[in-house]
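Trainee: So the chains spell out like this:
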Amino acid sequence: MSGRLGIGLLLTALLLAGCWWALGQVHTGPVGAPFWLVICVLLVVAWFAMDRLASISGWSRLVPIMFGAWLLFLWEVAVIGFQVPRVLLPAPSAIGSVFVASLDMLRADFVQTFVRAVIPGWVMGCGSGFLVALLIDRSPFLQRGLLPIGNLVSALPIIGVAPIMVMWFGFDWQSKAAVVVIMTFFPMLVNTTAGLTQTSAIERDLMHSYAASYWQTLLALRLPAAMPFIFNGLKINATLALIGALVAEFFGTPIVGMGFRISTEVGRMNLDLVWATIAVAALAGSLSYALLAAIERMVTFWHPSYRRQR
Amino acid sequence: MAAAAIGAPHGANWLRTGRTLPVLVVTLAILAIWYAGAVWLNAPQVVDRYGDEPWTWTQLVEDSWAMDRPVLPAPHQVLAELNKTVLQTAATSKRSLVYHAWITLSATLLGFVLGTLLGILLAVGIVHVRTLDTSLMPWVIASQTIPILAIAPMVVVVLGSIGLTGLVPKALISMYLCFFPVTIGMVKGLRSPDVLSLELMHTWSARPSQVLWKLRWPASVPFLFASLKVAIAISLVGAIVGEMPTGAQAGIGARLLSGSYYGQTVQIWAALVMGSVMAGLLIAAIAWMERITLRAMGTKP
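Quick mapping for you: the protein sequence lines, in order, are chains W and D. According to the working numbering, the residues represented by the first sequence are 9 to 318, in order. According to the working numbering, the residues represented by the second sequence are 1061 to 1361, in order.
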């Protein structure tokens, strides 16, 4: 075991040194065929280093990070080494410097799109989806009538309502929040209703024999059992909400917002800034997803999927 | 639920426990709300147009269902527009919605096929090579946090600047969107054979490729079809968004955008309905293929 670890760490150190050298080379001047040969060797070294580390518990968490860093490195080296035009694909280093230089603008865009449109829209859409699910849970007729339609609607290209919402609610964040509400409502409805059916008859009979009321059964048994499904809906909606708000901004915005920034800066061929905005969006999306996953872990710690596997 | 399935075809039971009646009632309710909403949303403009002239409520209702550029068109207006652009216009004309739907559909299908192939390839790699499992899987998940739909127009513009235009950029966006559910579903499906079956294959000293073709692949078919249904729907969304703000002249997305620019609400709604019908048909086609495949494999439908 320690031998594998030693080899893995040695290879990683070798890899880091090689990458450092390659970055220095590529930034100082044109590179030739021998340089790309070295990159190919580094590729093999990286593969073996990740292979060694992946087999050692505790170190295997490093592997995805290494893989990501390796991708960024390849991106940087390839873009600069092959002199890919900046308009086509800017280098990560260029994106990073633009990111730092335009922090204020990015913050304003983030507030307009994420804080003003995505979060209220997500809360309203998920909240109303949840409440309607509770409502139709009491009526089997509505459940049989509304659920097939709900399933159908969640498969439709709902993003197309964006122009209509912009016409109804104006250019500002309200129309974006409305798009988000519509996009997040049905996934939440379908997931919550599916979750509420997750208890077995024997558990419900037990609650019945305790003379528990509908609401007591709901709060003590059925809602906790529905939590994995509810969180599934919440997580799906976290990404849907961001996409909905960004796409809705293509149909008209005030001169601030992440979708607006992406579409105008593409027009000016200012791709560094576009990629910086994409980085903000990806970061915001990943962080909200991770936050929800962490809360889910706390709430549904009992679920089989969190037991140690293998 | 079991009772509903058993009692479904029998007369009165069909009404009491089946799905048809509830769905019908809810659909009618939605239509009623739609008509009422059309009056409520359009009335201010109609009243405004009347000015000082006297008007009656019937007149108001009728006029608000027949506006040229309504805030919310009534269902029959959308149907009339669909009738005009689908049935009354030749399918090759640029005014025909069938023409636009075909443009979008071709990009959707190409992207769907490419994405499915990529997703299956990635899944086979992930299941067989441990290093790919640990290094690639987290990035397959992370790749979906990039809001590709939001940057789809940029992808189209950038690919256009290196000479790739038309079908391919939209198909690439669809591919990026739909490889993810296929990969996730197939990894789960290829791992679904139980240990007993795997060990049985081992005692027969089957090669990994034999295990893949004779055991893992058949076991993953139900997972594959579940993923395909999701994938085809988002593939369509990808193609539509790819057509939006890129100066695309044709396609459902271009219709939505031009309708939004010129305030043609009826056109927007007709395009929206067309997209929805396409999504429904595509999913139904996948479900049909699923039934045929499962029956051919001997599984109960």
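Think of the hints as simulated: they come from the structure by calculation, not from any bench. Warning: the hint list may mix true and false statements.
No more than 25 angstroms apart at the CA atoms, straight line, and that leaves these computed lysine-lysine pairs for DSS-like [unchecked claim]: (1) Lys1289/D - Lys1248/D; (2) Lys1144/D - Lys243/W; (3) Lys1274/D - Lys1248/D; (4) Lys243/W - Lys1289/D; (5) Lys1144/D - Lys1154/D.
Given the structure is predicted, the values throughout are model-derived calculations rather than measurements.
Trainee: Each hint: holds or not?
Mentor: How the hints compare with the structure:
{"no.": "1", "hint": "Lys1289/D - Lys1248/D", "result": "16 angstroms, holds"}
{"no.": "2", "hint": "Lys1144/D - Lys243/W", "result": "41 angstroms, violated"}
{"no.": "3", "hint": "Lys1274/D - Lys1248/D", "result": "17 angstroms, holds"}
{"no.": "4", "hint": "Lys243/W - Lys1289/D", "result": "20 angstroms, holds"}
{"no.": "5", "hint": "Lys1144/D - Lys1154/D", "result": "13 angstroms, holds"}
Checked against the numbered hints above, the structure violates only hint 2.
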